[in-house]
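Fit chain B to the given chain A structure using the hints.
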Amino acid sequence: DAGVIQSPRHEVTEMGQEVTLRCKPISGHNSLFWYRQTMMRGLELLIYFNNNVPIDDSGMPEDRFSAKMPNASFSTLKIQPSEPRDSAVYFCASSEDRGLTEAFFGQGTRLTVV
Amino acid sequence: AQRVTQPEKLLSVFKGAPVELKCNYSYSGSPELFWYVQYSRQRLQLLLRHISRESIKGFTADLNKGETSFHLKKPFAQEEDSAMYYCALSSGSARQLTFGSGTQLTVLP
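Sequence lines, in order, name chains A and B.
Just so you know, the working numbering puts 9 at position 9 of the first sequence, and the rest follows in order with no gaps.
To get the working numbering, take the position in the second sequence, counting from 1, and add 1000.
Derived by calculation from the structure, the hints in this document are not laboratory data.
Note that CB positions come from ideal geometry on N, CA and C, so glycine has one too.
All the given hints hold, so there is nothing to weed out.
Calculated Cβ distances over 10 Å to all of chain B for the following chain A residues: (1) 15; (2) 53; (3) 60; (4) 63; (5) 72; (6) 88.
Only some residues are given here: those of chain A computed to face chain B with a beta carbon under 7 Å: (7) 42; (8) 43; (9) 48; (10) 102; (11) 103; (12) 105; (13) 107.
Chain A extracted, bound-state conformation (with noise of 0.2 Å):
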């Protein structure tokens, strides 16, 4: 298995855009985790997923963002319209829903708002 595979890798876009990133998680794995990484608030969750379903979105700055998870095998996070405070790496990890868990992480995707 390739583990968590995350694109595009960076994105640069100018403000008022739309954006989405895409999180293919690791086969078998039934629970999904976004991330945005920041110098100033480290590492926040914005969403979890378990079987495809949306459990936490507490994290979720503002209604400008959204995610969707249709299968297991795909996730998306959408920023519309994306602000300049937007500007951060995002990741995506899956973990198995069994005994303890570890979260394996895509490689990120690094967002700039222009």
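Same frame as chain A, now just chain B:
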């Protein structure tokens, strides 16, 4: 609510010196605690978990429930240990990881 606090954003030590990265948590139940590491230009990866009581790359961490701490220690730091370290807590039922704000460790030659 669960919370993880890493009081040091930056920590520098000289090669061969002991290093301790601090982590405190607040959680009402029995937590699972982890240390994750992110080397430059690499993905975040698990370093160790408290339940395993193991030493990884010379690092150890002991869960102190009385002090609600899970500090990461290494007796002799190496330059290749330079990285960002995150302490994380998992609440068993929710299965979600809450991370601290991270500590950037720099080991100087």
